[in-house]
Each structure stands twice: as structure tokens, then as C-alpha cells.
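Residue numbers (my numbering), protein chains in the order written: chain A, 1 to 291; chain B, 1 to 314; chain C, 1 to 386; chain D, 1 to 234.
Keep in mind the hints are simulated off the structure, nothing from the lab.
Wrong hints could be hidden among the right ones.
Unchecked claim - Calculated lysine-lysine pairs in the DSS-like style (CA-CA distance at most 25 Å, straight line): (1) C:Lys162 - C:Lys221; (2) A:Lys122 - C:Lys378; (3) B:Lys299 - A:Lys81; (4) C:Lys205 - A:Lys122; (5) C:Lys218 - C:Lys163; (6) C:Lys378 - C:Lys218; (7) D:Lys73 - D:Lys154; (8) C:Lys99 - C:Lys61; (9) A:Lys175 - D:Lys154; (10) A:Lys81 - D:Lys73; (11) B:Lys299 - D:Lys16; (12) B:Lys110 - A:Lys175; (13) A:Lys88 - B:Lys110; (14) A:Lys175 - D:Lys73; (15) C:Lys99 - C:Lys141; (16) C:Lys33 - C:Lys306; (17) C:Lys383 - A:Lys122; (18) A:Lys122 - C:Lys264; (19) B:Lys299 - A:Lys88; (20) C:Lys99 - C:Lys53.
Chain residues, written in single-letter form:
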Amino acid sequence: MSAQFLQFLFSGITVGAIYALVGVGFSVIYNSSNVINFAQGEFVMIGGMATVFLSAAGVPLPLAIILAVLAAVIIGYLVEKLAIEPAKGSSVVNLIIITIGVSIFLRGLAQVVFDRNFHSLKAFSGTEPIQIAGASITTQSLWVIGGLVIATLVLGWFFNRTLTGKAMLATSYNKDAAKLVGINTGRILQLSFMIAAFLGAVSGILIAPIALTYANVGVMLGLKGFCAAMVGGLGNPMAAIAGGLLVGVAEALTAGYLSSAYKDAVAFIIILLVLFFMPSGLFGRKEVDKV
Amino acid sequence: MNNFLQARRAGLLMLALSMAVLPLLMVNSFHYDIAIMIGINAIVCVGLNLLIGYAGQVSLGHAGFFALGAYASTILTDSYGWPSIVAMLAGALLVGVLSFIVARPILRLKGHYLAMGTLGMGIIISIILNQEVDLTGGPDGMPVPSFVIFGWEPYGNQVWYWIVAIALFISVVVALNIVESPIGRALRSLHGSELAAGTMGVDTLRFKVLIFVVSAVMASLAGSLFAHYSGFLTPTEGDFFRSIEFVTMVVLGGMASTFGAVIGAAILTILPQILAAFHDYEMMMHGLVLMGIMIFMRKGLVPTISGWLRRKPS
Amino acid sequence: MTTLFAKNIKRLIPVIAALGMTAGVAGAAEPIKIGTFLAVTGPASFLGDPELKTLQLYVDKINSDGGVLGRKLELVHYDAQHKAKSAITFVKRLINQDKVDIIIGGSTTGTTMAVIKLVERAEIPFISFGGAGVITDPLKKWVFKTPHTDKLAVQKIYSDMKKRGLTKVGVISGAGGFDKSCRKNAQTLAGTMGMTIVADESYGKGDTDVTPQLTKIKNAKGIQAMLFCGFGASSSIVAKNFKQLGMKIAHYHSHGSASAKFIKGSDGAAEGVRLPAAALLVAEQLDDSNPQKAATMAYRKAYMAKYNEPISTFGGHAYDGLMIAVNAIKRAGSTDKAKVRDEIEKTSNFIGVDGIFTMSATDHLGLDEKSFVMVEVKNGTWKLLK
Amino acid sequence: MLLEIKSLSASYGSIKALFDVNIEVAEGELVTLVGANGAGKTTIMKVISGIQRASGGSVEFAGKNITRLAAEKRVRLGISQVPEGRQLFTPMSVHDNLCLGAFTRNDANTKCDLDEIYEQFPILFERKDQPAGTLSGGEQQMVAIGRALMARPKLLLLDEPSMGLSPLLVDQTFATIKKLAKQGTTIFLVEQNAYMALSIADRGYVLEGGHTTISGTGDELMSDERVKNAYLGV
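So here's chain A without its partners, still in its complex pose (with noise of 0.2 Å):
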């Protein structure tokens, strides 16, 4: 019996990584904007579809690795520049009805640029699976696991030890302020799309192997990934690390335990408790209303 839990725990954790990657793009973009980028689980097939691509015209995989990653962030900052920032002081629907606009686009340009095919990147480190206590794990799982680890361990480096990472939680803060002394608040914005782009598209190539990917494959991601975000508390990426963990297992267990039918209810049912009873999210901070 344990050996099964341990299982849907792998599963969920797996899973789990991968909306938390998701999630941290939402949070950073929405700490320094308060824009909910509706097209961040694009930069997710963006990665995974780009390496596919790149790799079967017979770049190396590490080559092709870097250049997707590299397109993900230079598509993340034009996304700020020419959709975001001509939207400056919009309302929230706006903001989000254009993050969508920018969502559908990309997806439909993947469709020209690459195809509407699923498509598989071979394991990065072979299909032999892990055996722990009776339960399975994969490598590829452990890539992931490993990748949301390290991107922790950066941004927990970059916020607390950077001084563009301060600057960009000076400005989450108080956005005035930050002008005050100094900070180029238009740069830190467009950073944020290139770091949740550089996120997204990291994540889209280590699960590549896992879920496979194709033009639509971040529709679904996407929307978990802002559960995660929203689940730990907009606007703090350790946050929405720990959210996306949460949303994970809580899918798996429920898959396992309860029914597999009402599975991806979850997510959005934990989203609601969360709003209902603790409204800025399990970690969140107090928000206050402006007037």
C-alpha cells in the first residue's frame, strides 16, 4: 500500500515541478506588472517544439537546447514590448483579454512555423526506470524534479543576493519608489517576460520527453500553472513553487484515491477554497485595496 503512495507522490511531485515552473513565470511577470500573462504556458511549447525542431534538422541537442531557450526569451521580450507596454495603464480585462490575444497568436504561428503534430524528444538519459521502494521513477522525471531545484536555488540567489534581483522586487513592492531611486521600471518589466519565458521554455524541454509537445500543449499547463501561482499567493515565486507541488500531488492522490474522472477538478476546487478562505493565497501577503 505504501509502495502505492510513494507512486502517486513521484507522479504528483513530477507533475507538480512542471506547473510550479509554470507558476513561477506567472508570479514574476505579475510582481513586476500585476499583468496575468494568459500566454505563459506558450513559452512552454515554444521550448519544447523549437528543440524538437531544431534537433531533427540536425542540430545537436545541446546546440538546439540553448537556441530554443534563446528564441523563448527574445519572443518573451517582444511580447512586452510590442503587447504589453503599447497597454500601459490598462484595466484588467484588457490586460488579460491581450495576454490571451497573445496566447492564440502564438499558438497559431506555431501551427505555420512548425506543425500541429505531437512530437517526442528522446530521454535525456535513457527509458530504464528508477525502482525506490517498490515504486518507479524515471530519469527524465528526475530531470525535472533537478531542473525546479536548480531554478529555485537561482532565483532564491537572484532575489536575495542580486541587486537587479532586489530592484525587481523593490518594484513588485512599490513601484514609485523603486522610480525613486533609480530603477528603470520598463527594463525590470520586460526582464520579468524574458525570465518567465526563459522558465516556460525550460520547463517545455524537460517535460518534452514526458508529455511530448505540440502547438496547443500549453493551453492546459498554463492554466495549472496559474492555479500554482494563485494557489501559493500572487506575486511570490517561492510561492508558486510550493503551490505547484501542492496542486500536483493533491491531482495524483486524487487520481489514485478518489476518481480519476474528477482529477483535474482539483486543481480549480483548491483554487476556489483557497480564494474563499484565505484570499491572498496559503503564503501570500495581505494585499490592500487602492482606492
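For this one, chain A is given, so just place chains B, C and D on it according to the hints.
Same frame as chain A, now just chains B, C and D:
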């Protein structure tokens, strides 16, 4: 105020006139079909506009109410043999009660949290519709029995056109009345500043709940009409993208403009038909149009264009 | 406000009128119009894409050979994706505006079911490429279909299991219409064919991992075989998770997995998966005496020559649909809708890609279990099981 | 002149908040602007620091027209503002708040050299790892001033530094300001507490109904009958 009443009467007259004239321009049944879909979408948007435009509350889950109304009508007429009018009203009642129950906790949320709350609610409804195969037919959907009003079965797109046109007209009248009522004024103060409205003694949550329920019921009724008209229903009518579509129609037409909601519905219903010619590039164009309008016409088409017209005195 | 509204309405009018301009004008030597609506984009594009390519390929071919009844064929296509509502709108457009002579297509069961009422009312012959049995069972006067049903597929799978002495089955299915219909058939047929379903699991849209569900199946009491009902990326994910958990039971998929993408996407995990498929998939392995060999090889050659990509069995549905329609029009000697319908129903011993079709007044599919072959994935390719 | 404001105007939407404001601040001076609540004092500060756009007139700093310059670029030129209500990065530590003050200075040895600040405000050294939001009002004001000084400004803008502080802390804060002025920092001070402000200022302006009316040295203004009646409550 007098001015407004005049403008409103003229607006209604124009709406009635254009709905009366439109059939003269429509060559075939396919054109009627588009017009009917515009009408059905517009009913949802007129209601949603009260919520988004006047009460300032986003909902990314209204397709859930639309689909619930549609499925209630379908299931009650199909499996239980209820008369379609009764089934339609029962669906509206169900959605009314449900939206009333969820309204309070959901509407306490603000901004993105509200968006997420309504999105979650809509997705849960959509998952239920997909999973309860025995009840709803699952993802492949189910056929809908014909609409029968006191023994008369409307057949053909021209008849449906008039049914939907009348329903839309009534919706617009109801919406305009709400906007002009004391509730409506309270609503507008809401949008301005909630704290200010709070200190003025307006029970903001109560009004928001009321509007939420009204808009949900309008969506439900439109959903019932849609189900009977199209004759076939699938859960995609209640999914996230459909909710987004409704919100986009409202925002595109112009928030806090009842006629804008109608125009927004018209444009976004016709748009895919035009974009169909672009085949591979359809999705890209669609995304670009959404972005472009939201960036360059923030207030939506109707307010922006009327702003331009006002600026240059002609 | 008022004038503004009027202006907007006026602005709208040309747009609506423009939609009308495309309406066809009647003429004497006009082409035979074949209407189609397919899921060329969206999640079911793996169906619609090869279907559309096949139709375009063969319509051109027929036209360059002189057309049908001395008239050219004209394909009128709309991308309805997998959306029932788009399908309804586009079929109305095909019937009322484009005034097509026959409708073929509808890549999915959902889009097909959505338009049945319309084609029945308009009394126009309609050949669907949708999978589920409900399309032609119960029978509808104007509706036909070419793909094998999921019922046939499950029958074929259960027969194969029985042959191997496997009777305890765990089913896993997705959230899509195909999945749910296949699962339902697996349940109802289990009774009549002496199988027992000992586990019944499902997963959601866009899921990236199904190990919890497979763990439950693995641990189900007395389990001997697993049947997966689904298609697309999920097929590969299920196979990978199956391998990850080191499951030893027999591994069956539905014909939804019958594409090269499945094997490639599974990164080796597809080895040993058995599934029913159209003969097309293993055309070169068929005995030369098999009457289907020539037809399937010819289709395969033509498709690969034109598009330089591997064939899929889904394109085959489109080939059969188009050919059945064209043959019926030839036999009817006109495009009179009632006559064409009657001739489609009289289709007999048509050797298609999907099988040998013999339709009747009670059977609008005309295929049986024999049209399927069982294949197994071996060394990264399909191996015909005899 | 270090700072020269000529016939400046600014508005919020359609409401005009400022018109015809003229102010000069020379290097090394401590100049104050007094006026009633809502006279537009904070708006002037925001226009000088670039948070708010001017709708007319000009702002010149060290001979350069900066009216249209972005706020963060003005910091690089040497304008630092201690905003009204302090506006600290409350969840971050005192240390980080102060360091961010030096954001525009790229020279390596000043990366985050806080010795001077801690010398000036020893209490902050004790609190350096505490989140800024947990400090008392007076301590927060010190952090705000310290953060602004970290940029080594040529001109320090102080917006209502006494607001919300107890009388004892107000005295402390003004002592600090005086000390800074003595050390040679050019200061432009906006205060509601006109008496305190004028008593330490070299020169002063009075802002009424959105434009500057009276100006003179601190002592002149303190003895001006109109100022006395209106602002000093004498």
C-alpha cells in the same frame, strides 16, 4: 438625464429598425444563421456587460451558465419530456439559484483573484458536463429536441431570427432599465470607486450579487435558445474559451455600453467567418485582432469611436 | 449615441453583404460540388490534416482524368476544428450558400453528430469520417460513414484477448468523445464476450502523467490485460508510464494509436503494444492474394509521392468516402441527391483502403470485424499478427 | 542655479493641480515650500522627481532641461527624493532598502557602503536585518532619508518628513535635516509644519491654490503677517 432618456429611446428605435431591415439584406439561410448567432451571443453580452461594464466585476466563467441553461433545457425536454418553455425557465431558475449561492464568496474577490475564481467555477462546470456522460452525452454532445411554444414549433432560420431578435430587444430594454434604475446608479458609483460607494451607504456586495445573478440568468436563457436552435449541444459551449469569447465581445464593443455589447457580439461572431478565408493564418489573425483592439481602443469600439466623433465637431 | 449606432450598423452591412457575394451562381457546365468540413487545426488535426490532403490529392487526380460525368469536381472545404458549433455553421454554409451536391467529412464523431439533424432536414447525402458507431447506428436515411467503429475495434481486441486466454481487463480512457465511446463499448461488449472489467480509470485533457491511474490498474485483482481507449499524445504517454511502472500484463490500444507518431513519440515504450488497425498500416505485409493489397499500396504510393510524409490510416477514411461518393454519382448518372443516396446505399464489394465495403438499407457502414487486422509493435514498426 | 522651476503647471486628468509655479534653489541652500493641505506641494515634488508629468512650464536642473526626463534618469543626474509617507520597500530588510538607494552608483567601492549612513543613524545599524515595515515611524523616516542619501544626491527632495511622527521624533528629524544642510547637501523641503520648516530654511516659498505667492528668506517669511496668519497659527 432627459438627454439620456432621449438617446436611449432613439437607440432602441435604431436597434428595432436595424433588426427589421436586416432581413432585407440577407440572401440566404446561412446569413440568417449568422444573424441568429449574433443575437444569442448579444443576449449573453448585454447581461455580462452589466456585470463587467457597470459593476466593474470580471467573469471568466459565464459560458458555464450559458451551458447549464442549454443542458437544463436539453435534458429536461429530452429525458423528462418537459415542455420546452418550462424547461427553459427551470434552467434559468437553477442557474439563478446556483449563481446566487456562489456570488457572495466569489464577488468578495477583486481583480485577478475574481478572474481566477470565476474561471475556476466555469471550468468545474465544464468538467462536470464532460464527465457525466449518461446525463449529457459527454464530449460528443447530445441532440436537442425541437423548441415548442404552446404547440407551435418554430422551424427555419427566418422564424428563429425573429424569436432571437425579440429576445434580444427585451434583453436590451431590461438592461437599459437596470442601468437607469437606482440600482444602476449605485452600480456606476461602484465602478467609480468602491470605497467611495461604501461610504455613501451603498451596500456594494448586495448590488454586485444582484447583477451577477441577472447576468447569469440572461446567459442561461440565451443558452436554452441556442440549444434548441442549433439542435445539438456539446460541452465546448461551456468551456473556458467560450467564456473568454463572451468577455472579449463585451470589452471589444465597449464596456458600460449596452449597444456596444451588441456590436461586440456581432463583430466577433462574424470575424471567424471572414478569417476562415485565411486558413492557416486564421489563429494568428484572431490573436492580432484581439491584441490590436485592446491596445489601440482601450475603451472598446463604441466609446472610442464616439469619442473620435465628439472630438471633431461635424 | 444614436447616430453612432446607426453608423456602426451601416458599417456592418457591407461585411454581411460581402459574406453573401461568395454565394454560387447557377450555370450549365458547373462542377460537381463536394462539400467538406474537417478538423484541420486544433487537437484533432491529426485526423483532419491527412484527410484534407487525401481529398485534395484525389480530387485533382480525378479532374485531370476528365472528372466525373464529364464535369469537374470542386472541393469546398471549411476548417471546423473539433468544434460542434463551427461544424453546424459551416455545414449550413455548405448547404445554403455553397449549395454543394454531397457532403463528406466531419473528422470527429462530435462534429458529425452535431450536423446530422441538418443534413437529414436538407436531404443531402453525407458520408462521415467520424469513428463512433452511433453515427450510423441507429440508422439515419442520409448518413453514411467509412471508418471502422470503435465497437468493431473492441470486438477485435476482445477476440484477440480471448484467443490468448486473457479475460480480466483494466480500461483506461481519456476525456475525449472517442475515448468515452470506446470505453462504453468496452463495458457493454465485456458482458456478451465473456470479459470482466476489473479496473476502469480515466485521465484529463492535456494530462502529462497517468502513473496513478496505471498503478491502480496494475494493482487490480486478477488483472491480465490493459486496454487503452484514446489517441494522440496520450497514447505515447500511457505507453511510457506503462513501461515506467514495469507492468507485465498484455498491453492493448485502440485503433486511435495506429499512427507512426505513436511509436516515435513513445521512445521505445510502444514495444509489444497490440492494436487493431486498418490493413493500410501494414499494406506491404499483406498476402498478395489479399484483395485489399493493391488498393492500399496504390493509395500509399500516391500519398507519399505527393506529400512526402508517412501515410496515416485516417487519410484512408477520406479516400474511401470520396470514392464511394464518386462511384455513387457515376452510377446515378447525375447529382440528384435522392438518387445518389440510393446508390451509396447500394455500394457493394467496394475494395477500399479501410476494408471491403458492402452497404445495405440496414447497414450504412458496410464493414465488419474482418476489415481490421491485429498488429503489434516490434522493433519500432508494425508487425502484422496472423 | 541648481534647480530652476519656471511657470510650471500640472494636472490630474482634467483637474488642474498646479499652475504658474516658480521656484529656484541654489547649490548648498536649504529651501522650503510651505502651504496648506491640498495646495499641491506633493504634486510639485512629484513633478521635480519625475513621477508625475508636467503639463506646462519647465524644470531645469544644473542648467539642463529635465522636464520630460524619466524619473529614474533624474536620480542619475543627482536628484533624490524622500517621498511623502516614506514609501519603503517594507518586506525587505533595512540593509536592502539602503543598498537599493545606491542602485544608480556603479563604482565598485560604493556597491553597498553603508558605514556613513550607519554613522549618521546608529539605530539603523542595530535594525539592519529587520524588515523595514516593522520599524517605528521615526526609524522608517531615517531609512527613507538614508536611502535617498545613498545615491549621493546633489539635490535632496524631502516631502513632509514630519508627517505622522510624534513631536519628539519631529524634532529629531529636523535636527537631522539641519545637520545634512550644514554638511553641504542642497535640500528642497516641503512641509506642512511651516514653523519648523521656516526656522531651519535659508529661503522659503508659499504655495497657495496651486501657485507660488510669497517668497523670501526664512526669517522674512516667519515675520510676514500673511504667513503668520495663515500658516504659523500665531
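Hint check:
no. : hint                : verdict
1   : C:Lys162 - C:Lys221 : holds (18 Å)
2   : A:Lys122 - C:Lys378 : holds (18 Å)
3   : B:Lys299 - A:Lys81  : holds (21 Å)
4   : C:Lys205 - A:Lys122 : holds (23 Å)
5   : C:Lys218 - C:Lys163 : holds (22 Å)
6   : C:Lys378 - C:Lys218 : holds (23 Å)
7   : D:Lys73 - D:Lys154  : holds (14 Å)
8   : C:Lys99 - C:Lys61   : holds (23 Å)
9   : A:Lys175 - D:Lys154 : holds (23 Å)
10  : A:Lys81 - D:Lys73   : holds (20 Å)
11  : B:Lys299 - D:Lys16  : holds (24 Å)
12  : B:Lys110 - A:Lys175 : holds (20 Å)
13  : A:Lys88 - B:Lys110  : holds (20 Å)
14  : A:Lys175 - D:Lys73  : holds (15 Å)
15  : C:Lys99 - C:Lys141  : holds (20 Å)
16  : C:Lys33 - C:Lys306  : holds (23 Å)
17  : C:Lys383 - A:Lys122 : holds (23 Å)
18  : A:Lys122 - C:Lys264 : holds (9 Å)
19  : B:Lys299 - A:Lys88  : holds (13 Å)
20  : C:Lys99 - C:Lys53   : holds (23 Å)
Checked against the numbered hints given earlier, this structure breaks none of them.
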